[in-house]
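Chains as they are written, first to last, in the working numbering: chain W, 1 to 256; chain X, 1001 to 1256; chain C, 2001 to 2256; chain E, 3001 to 3256.
None of these hints come from the bench; they were simulated from the model. Incorrect hints may appear among the rest.
[Unchecked claim] 27 Å max Cα-Cα, derived DSS-like pairs, lysine-lysine:
#, chain 1, residue 1, chain 2, residue 2
1, E, LYS3128, W, LYS236
2, C, LYS2087, X, LYS1236
3, W, LYS121, X, LYS1236
4, E, LYS3087, C, LYS2236
5, W, LYS128, C, LYS2121
6, E, LYS3236, C, LYS2128
7, W, LYS121, X, LYS1121
There are 4 protein chains.
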Amino acid sequence: MSPSIRVTVWGEFRHERTNPLVAALYPEGMHETIAASLREHPDLSVRTAWLDQPEHGLSDAVLSETDVLIWWGHMAHSEVGDAVVAKVKARVLEGMGLIALHSAHYSKIFKALMGTTCSLKWREANDKERLWNVNPSHPITRGLGEYFEIPSEEMYGEPFGIPEPDQLIFISWFSGGEVFRSGAIWQRGHGRVFYFRPGHETYPTYHHPEVRRVIANAVRWAHSGVRLTDICPNVKPLESLPADSSAATRETTGYR
Amino acid sequence: MSPSIRVTVWGEFRHERTNPLVAALYPEGMHETIAASLREHPDLSVRTAWLDQPEHGLSDAVLSETDVLIWWGHMAHSEVGDAVVAKVKARVLEGMGLIALHSAHYSKIFKALMGTTCSLKWREANDKERLWNVNPSHPITRGLGEYFEIPSEEMYGEPFGIPEPDQLIFISWFSGGEVFRSGAIWQRGHGRVFYFRPGHETYPTYHHPEVRRVIANAVRWAHSGVRLTDICPNVKPLESLPADSSAATRETTGYR
Amino acid sequence: MSPSIRVTVWGEFRHERTNPLVAALYPEGMHETIAASLREHPDLSVRTAWLDQPEHGLSDAVLSETDVLIWWGHMAHSEVGDAVVAKVKARVLEGMGLIALHSAHYSKIFKALMGTTCSLKWREANDKERLWNVNPSHPITRGLGEYFEIPSEEMYGEPFGIPEPDQLIFISWFSGGEVFRSGAIWQRGHGRVFYFRPGHETYPTYHHPEVRRVIANAVRWAHSGVRLTDICPNVKPLESLPADSSAATRETTGYR
Amino acid sequence: MSPSIRVTVWGEFRHERTNPLVAALYPEGMHETIAASLREHPDLSVRTAWLDQPEHGLSDAVLSETDVLIWWGHMAHSEVGDAVVAKVKARVLEGMGLIALHSAHYSKIFKALMGTTCSLKWREANDKERLWNVNPSHPITRGLGEYFEIPSEEMYGEPFGIPEPDQLIFISWFSGGEVFRSGAIWQRGHGRVFYFRPGHETYPTYHHPEVRRVIANAVRWAHSGVRLTDICPNVKPLESLPADSSAATRETTGYR
Chain W
1 MSPSIRVTVW GEFRHERTNP LVAALYPEGM HETIAASLRE HPDLSVRTAW LDQPEHGLSD
61 AVLSETDVLI WWGHMAHSEV GDAVVAKVKA RVLEGMGLIA LHSAHYSKIF KALMGTTCSL
121 KWREANDKER LWNVNPSHPI TRGLGEYFEI PSEEMYGEPF GIPEPDQLIF ISWFSGGEVF
181 RSGAIWQRGH GRVFYFRPGH ETYPTYHHPE VRRVIANAVR WAHSGVRLTD ICPNVKPLES
241 LPADSSAATR ETTGYR
Chain X
1001 MSPSIRVTVW GEFRHERTNP LVAALYPEGM HETIAASLRE HPDLSVRTAW LDQPEHGLSD
1061 AVLSETDVLI WWGHMAHSEV GDAVVAKVKA RVLEGMGLIA LHSAHYSKIF KALMGTTCSL
1121 KWREANDKER LWNVNPSHPI TRGLGEYFEI PSEEMYGEPF GIPEPDQLIF ISWFSGGEVF
1181 RSGAIWQRGH GRVFYFRPGH ETYPTYHHPE VRRVIANAVR WAHSGVRLTD ICPNVKPLES
1241 LPADSSAATR ETTGYR
Chain C
2001 MSPSIRVTVW GEFRHERTNP LVAALYPEGM HETIAASLRE HPDLSVRTAW LDQPEHGLSD
2061 AVLSETDVLI WWGHMAHSEV GDAVVAKVKA RVLEGMGLIA LHSAHYSKIF KALMGTTCSL
2121 KWREANDKER LWNVNPSHPI TRGLGEYFEI PSEEMYGEPF GIPEPDQLIF ISWFSGGEVF
2181 RSGAIWQRGH GRVFYFRPGH ETYPTYHHPE VRRVIANAVR WAHSGVRLTD ICPNVKPLES
2241 LPADSSAATR ETTGYR
Chain E
3001 MSPSIRVTVW GEFRHERTNP LVAALYPEGM HETIAASLRE HPDLSVRTAW LDQPEHGLSD
3061 AVLSETDVLI WWGHMAHSEV GDAVVAKVKA RVLEGMGLIA LHSAHYSKIF KALMGTTCSL
3121 KWREANDKER LWNVNPSHPI TRGLGEYFEI PSEEMYGEPF GIPEPDQLIF ISWFSGGEVF
3181 RSGAIWQRGH GRVFYFRPGH ETYPTYHHPE VRRVIANAVR WAHSGVRLTD ICPNVKPLES
3241 LPADSSAATR ETTGYR
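With the sequences and hints as input, model every part of the structure.
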């Protein structure tokens, strides 16, 4: 059997401790609910981390042992330290997968990898969301039908300020009249990045069977199996070059 | 006649003041040589800025009046202030074009827009560089032949740590045996980004006629003509939604 | 002033002659309605062509004088001759723009350029369509707001069997619950291709002001200004090669 | 253990029977040499097919049982029947992988999937080819170093008339002075397509260990594990629509 894929589920873990509605839905935190759903898969080895731990739970050792990182943040993006963000980004570029969930569109790490605003429209009004599977042969949609529905969710609407995705996976239809690119993938360095829209804290979205299936599929897809650190080496020529004739060349080029 | 495209050519302007060879090639600075070549085009309105000016010459007023920014930096990337980089990035995302030249592959602004390492191989050994035009109908290659040569240049080699370009424009062949994606474009927000490889400071590259033509073409291509600031608005539904029944819905969803 | 962009609007022109409802909406044919809207723009020089003309109205002379071709077809895709399709495709690859409207998703020319099935879901049931502008700085969306609505249209739904677009322009929301990538662009050879969804024959869609604006914008965007014919030349080396030592080389390569 | 990946290696098998040099390098045909190298991998189940078999060896049964098809053709592209090409294309769009080798850039099947000319420059002059690995974390380059060399090969040069690849894998440096995008991938429907440049018939290229490794890697990458046939269904609405009021709507739309 293949060795396990090592997953770290990172949660902000603040709403759950201040909002009774959220606490009722996610008694141990959203990250633990997501982790529990992944622990049902024997090929995944899952741990959790959260904002208020030292180094936000993302020490060098944890990052080094993580193949795929899942990120949920919302009210405290600005409290995530820049040094930790820089380390997470470096690990993604080395080959660690990143799954950015819902309001993580505005997380420091997602914005740093995209290079854009990642802005969007939003509304909390109990919209119905129907996610259309626009990429039915992609590994992330394995086992899904042509669409699935979430009866109540926050709405996110276009335009979404992202670079053109490498591939689009889901487009959401909202009952209030909007659409959104709800699932999309990008390669960044040696790492694979998946953005997945659903998951407002006041809804039971991470208990939803198809949402859980998408996240598990995405973990396997995002596992690159590589760890490569880019360098910027000075290299010798592979073919023989003429003796250094810089000065001469510079004098005789027609354009100077 | 169309209104002018407002170009700002930004140079680090350090090598020119410390290295006599560079000073001989670019007596007023590389930025002024590039600017002078652009001033030959009556549709372009060109100013310059450099590192050691207040705010690196990139005040809000200058950025606001710039349609396309050209960036050359090398030895002092780390001296460019983060606040200025953030403002330049915001302007690119609003629609300002950015042309990153040569060692600007490692500039803060280019790396922030790409989200990747932007690493590469390099060698200073008087290689001959032949730039193949792989996109002969792109506006950036207007008027060029199938290739052009630079008799002496620094070598940059693959792998180049960039996101897959939206379109590839040039691939370089080097006499020492390497290849490089020497011209490539990306959309970032409402701004257009062009990376163009040639231009090591100890060579007369910015006097080269085809290099100058590429930069002028790229200015016109990168001029988006728009200025849009992304926001993240809370919006009302466009279709009537059922009365807020959150609690009820939450109780009755099958998955919770 | 710039020379005109030469546009040919091609229509199947069959529904209009057999269905009184269509004839009432488009008395001179859908192609003439589209052409008339483009003739309001002084920079465009517009002609029309249709299926039942000799060579479907697309002689070598017409194609040669066309910068951008607009295509509407539906019930008679199979009657379009393969030789004409091959000539149109060759012209697109040389730099002629192509705007494929509505049911032209299944035209021979669009499928030949995409290489895929171009299949989709559909329904004629008077859906309301709301087209979201997901690319507000693209030339094709110049002058549009964040969305526009068509009160009654045929529905097209995902998945749409196309290659990932170079850029997505519009996503449609339908009142019946579906979504669709309603505007998308691709580069093919030296030609620019835009697919634009609206325009079922039994609705007055080509009288709709924003639909007309999109088509006019797209014409300007699709005008490449180039005509390049790819060849496959045998070429001499640019660097001196060793004398042909094929036999020797073949004997001494380690892998044979 | 996973079930085998079923590979069919298709060869034109003409040069081998008319050119003694080719026959000496590939006594049983190029397709058999390629197949033999793949048979060294226990996870692959490999058969061969060639032009002069009935249906070119690609019956419905063979295609149905093929997960990945490898294609080498050169002198007889025009003899491949259009009906077979149509069936192969349909299978790729359903999820069969396709690996197009060398002169298969001009095969009917590759051109049909790309939608472009697929033209390039070429020269038979014993060039040295150095393939740079520009995507070192991609599954196709697993186990390769930063480059590998082929001491003698036909040269292919840019521009290569392809759609922008989804990802670029290799760029070749040629001793005669050219460059080429020697490895590139595209998604077409549910199928994955890889173009790989090396393999002129008069060189022992398919005995080269790194070439063989790339092909084996590419087979595993191109195996999608899915078979999906796009349809174009008429569908009922998922949300209740107002009663059909077409005539009324048409009369009252402001734009007609």
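Non-conforming hints, listed in increasing numerical order = 2, 4, 7
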